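Q: Protein chains in written order, with full-length UniProt numbering: chain A, 1 to 390; chain B, 1 to 390.
Wrong hints could be hidden among the right ones.
Here are some chain B residues pointing at chain A (derived, C-beta under 8 Å) [unchecked claim]:
1) 228
2) 276
3) 278
4) 296
The following label-pair restraints were derived from C-beta to C-beta distances [as the list claims (entries may be wrong)]:
5) A:54 x B:367: 35 to 41 Å
6) A:380 x B:100: 45 to 51 Å
7) B:367 x A:56: 20 to 26 Å
Sample of chain A residues facing chain B (criterion: CB under 10 Å; computed from the structure) [to be verified]:
8) 68
9) 84
10) 353
Hints in this document: simulated from the structure, not taken from any laboratory. Model, not experiment: these values are computed from the prediction. Cβ coordinates follow ideal geometry from the N, Cα and C atoms, glycine included.
There are 2 protein chains.
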Amino acid sequence: MPDRLPFDHLDEHLARAAWSRLAEPDDRAANRLVATLGAGPALDWLLHANRGLFPAVPAQPPRGDWRTAVARWTPRLADLDPRRELDVIARRGGDLILPGSPAWPAGLDELGESAPMCLWVIGARDPATLAASSVALVGSRASTAYGERVTTDLAMGMADKSITVVSGGAYGIDAAAHRATLSVHGPALAVMAGGLDRYYPNGNSQLLAQVAATGAVVAEVPPGTAPMRTRFLSRNRLIAALARATVVVEAAWRSGALSTAAKAAELLRPVGAVPGPVTSAASAGCHRLLRESDAICVTDAAEVAELVQPVGTALPEEPVVAAGLLDDLDPEQARVLDALPARGEAVFGAVVRSAGLDEVSVRAALGFLELAGRVTRDGSGWRRVRVRRG
Amino acid sequence: MPDRLPFDHLDEHLARAAWSRLAEPDDRAANRLVATLGAGPALDWLLHANRGLFPAVPAQPPRGDWRTAVARWTPRLADLDPRRELDVIARRGGDLILPGSPAWPAGLDELGESAPMCLWVIGARDPATLAASSVALVGSRASTAYGERVTTDLAMGMADKSITVVSGGAYGIDAAAHRATLSVHGPALAVMAGGLDRYYPNGNSQLLAQVAATGAVVAEVPPGTAPMRTRFLSRNRLIAALARATVVVEAAWRSGALSTAAKAAELLRPVGAVPGPVTSAASAGCHRLLRESDAICVTDAAEVAELVQPVGTALPEEPVVAAGLLDDLDPEQARVLDALPARGEAVFGAVVRSAGLDEVSVRAALGFLELAGRVTRDGSGWRRVRVRRG
Numbered sequence: 001m002p003d004r005l006p007f008d009h010l011d012e013h014l015a016r017a018a019w020s021r022l023a024e025p026d027d028r029a030a031n032r033l034v035a036t037l038g039a040g041p042a043l044d045w046l047l048h049a050n051r052g053l054f055p056a057v058p059a060q061p062p063r064g065d066w067r068t069a070v071a072r073w074t075p076r077l078a079d080l081d082p083r084r085e086l087d088v089i090a091r092r093g094g095d096l097i098l099p100g101s102p103a104w105p106a107g108l109d110e111l112g113e114s115a116p117m118c119l120w121v122i123g124a125r126d127p128a129t130l131a132a133s134s135v136a137l138v139g140s141r142a143s144t145a146y147g148e149r150v151t152t153d154l155a156m157g158m159a160d161k162s163i164t165v166v167s168g169g170a171y172g173i174d175a176a177a178h179r180a181t182l183s184v185h186g187p188a189l190a191v192m193a194g195g196l197d198r199y200y201p202n203g204n205s206q207l208l209a210q211v212a213a214t215g216a217v218v219a220e221v222p223p224g225t226a227p228m229r230t231r232f233l234s235r236n237r238l239i240a241a242l243a244r245a246t247v248v249v250e251a252a253w254r255s256g257a258l259s260t261a262a263k264a265a266e267l268l269r270p271v272g273a274v275p276g277p278v279t280s281a282a283s284a285g286c287h288r289l290l291r292e293s294d295a296i297c298v299t300d301a302a303e304v305a306e307l308v309q310p311v312g313t314a315l316p317e318e319p320v321v322a323a324g325l326l327d328d329l330d331p332e333q334a335r336v337l338d339a340l341p342a343r344g345e346a347v348f349g350a351v352v353r354s355a356g357l358d359e360v361s362v363r364a365a366l367g368f369l370e371l372a373g374r375v376t377r378d379g380s381g382w383r384r385v386r387v388r389r390g
Numbered sequence: 001m002p003d004r005l006p007f008d009h010l011d012e013h014l015a016r017a018a019w020s021r022l023a024e025p026d027d028r029a030a031n032r033l034v035a036t037l038g039a040g041p042a043l044d045w046l047l048h049a050n051r052g053l054f055p056a057v058p059a060q061p062p063r064g065d066w067r068t069a070v071a072r073w074t075p076r077l078a079d080l081d082p083r084r085e086l087d088v089i090a091r092r093g094g095d096l097i098l099p100g101s102p103a104w105p106a107g108l109d110e111l112g113e114s115a116p117m118c119l120w121v122i123g124a125r126d127p128a129t130l131a132a133s134s135v136a137l138v139g140s141r142a143s144t145a146y147g148e149r150v151t152t153d154l155a156m157g158m159a160d161k162s163i164t165v166v167s168g169g170a171y172g173i174d175a176a177a178h179r180a181t182l183s184v185h186g187p188a189l190a191v192m193a194g195g196l197d198r199y200y201p202n203g204n205s206q207l208l209a210q211v212a213a214t215g216a217v218v219a220e221v222p223p224g225t226a227p228m229r230t231r232f233l234s235r236n237r238l239i240a241a242l243a244r245a246t247v248v249v250e251a252a253w254r255s256g257a258l259s260t261a262a263k264a265a266e267l268l269r270p271v272g273a274v275p276g277p278v279t280s281a282a283s284a285g286c287h288r289l290l291r292e293s294d295a296i297c298v299t300d301a302a303e304v305a306e307l308v309q310p311v312g313t314a315l316p317e318e319p320v321v322a323a324g325l326l327d328d329l330d331p332e333q334a335r336v337l338d339a340l341p342a343r344g345e346a347v348f349g350a351v352v353r354s355a356g357l358d359e360v361s362v363r364a365a366l367g368f369l370e371l372a373g374r375v376t377r378d379g380s381g382w383r384r385v386r387v388r389r390g
């Protein structure tokens, strides 16, 4: 084990890059140590601790003791080389963003001790700007044609409103979200579970390169980190924290997308769920959210936009439906029109008995309906005027 | 206008039958008058009022004055003949049920001044027994194959639990609900908007006759009353009041079924909505309920049964899903298994670095995983044991 580190560990960039390698995502002990001592001094502390000296820390670790935490970080100490990782990201045109920088998305700070140490970024736009007005569209890798179609509609609708679509770059719903966003030149943000030295999954690497070329691709782990299952779960908390709202488009009963939704709810961000056929297992997770959580049922882009934009700035349009025959009538007029036979005519007394209203009311209603061109009378009675329907 | 009525109007059956003819459904003034004076004396009062004498009533009508109400009831006074209507229902094997009778469904009383005057019934079973454990399955006439399939599944599931399926006898979802219930000999209850002298719509008359033959068909209006549009809306409040819970299976953005749901909610009965494809206009009303009301998302019979049966008596089965690879592991074990390469083997130190855990924890986790048959070791390293998946 090294006595000293082969880089300027008091440089904040290098120190945080180092911590993003030493500690797994969402390591609260590492976060607390760094928050208490600073990232560089925390590395000093770790070197001392590693030699059996445990300098006093003015804080307790969230779980267990510092000794366990040190034992967890130490195995990665020997190969630590953040300059190399910064070189890798720079060669790919990327950068390392630290908390407090203007490019740092403020939403991440709401994660508290679960906030990432730093953000590795490859992108044409900075994550803070992208995240400012954004919605996460997430869902199953095993998506259906229905789910992909809805995702496409929603993503295009977000682009139309200049709302960034955040997703995880996976196959299925994630890919459909990114693809649709790019197709209409909307703002896109992809959050990776592994290092940005290569985009995972392989089949989406070109898609993700395009996201980087116009929006941004980010990760909290340094280049060279493999995307492991547990890191996908940690990654989901970043999606939830980056986006102003999270919408699950399609998800099976047990789907990682539900963890993103749960995290968003924990952060008091709006969560939307897109319903689907109850006969589709691919929508079971969405229905579960609707049943068991405060998730809001969303069915189109306007309803999704309502989640992220203050009410009033985005008024959803009422779906266009054919007006009902009785729609613009008051209850008594409706009842009188209703009381006229579908064909043929009825004398006044019959209309009165059939409507169950007094004569004065029936006469007034018939007068209104006649003026409106809905009924007509001849010598002996009243009849409906056939309305030509669109 | 008659000075006196051509029947024994102090007979409670005849008097209430007469009121069910004189006043339209949900006429609160009629209800208040009958509640205040009794049904027979209220007829006496109406005769007097009709001659310009307005005997004092110890109550105010809910809206307007008594004069307007009298003018509304009077046109039907001349032809009043409840004995004939009782004969009609008797010839069809039916009966008239009054509030307070053992066959009277208690749920109707919760309608207060909107309760029906009486219930015209044709059926093999009494409405009170049928309604005691019941759910309304309602929806659009313009149903889709999807909606009908789900309705069929839900109705059969209710029959299986001896829960009565209540519906309105209309085409579409209503008919599918009745048909499925009858097909498995479940308890069925149909609530009509018109008189029971003929079943409406015509195309469902055979179906409704079968409902009557094993369950019951009911209406609050006497034989000879046409099913008018406004009476369908009034009828919906009876469905909501009769059933312990209301489920909308499929409904357009503006659908009468939504009024049933609204009434059920007003009565503090559980309301369920079945989601469907967001691309289907036939589900837009269900999604509207999920968005805008407290309706509960229901996707199968178990979830519907939960609405009407106390929690604990009907435990929904968790959908059967394939167990995930990491499901039965604790977080550290999962992380260690995750850290092993998909193919090939890894030496202990590599597993430690990859997992981001201390050596003691990794050793313990590998030990557990080895005992569980999930990993194996040879001289140089550790490898996963391929799990054969079902």
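Q: Would you mind marking each hint as holding or not holding in the structure?
A: Right, here's what the structure says about each hint:
no., hint, in the structure
1, 228, "holds (5 Å)"
2, 276, "holds (6 Å)"
3, 278, "holds (4 Å)"
4, 296, "holds (6 Å)"
5, A:54 x B:367: 35 to 41 Å, "violated (28 Å)"
6, A:380 x B:100: 45 to 51 Å, "holds (46 Å)"
7, B:367 x A:56: 20 to 26 Å, "violated (34 Å)"
8, 68, "holds (6 Å)"
9, 84, "violated (16 Å)"
10, 353, "holds (5 Å)"
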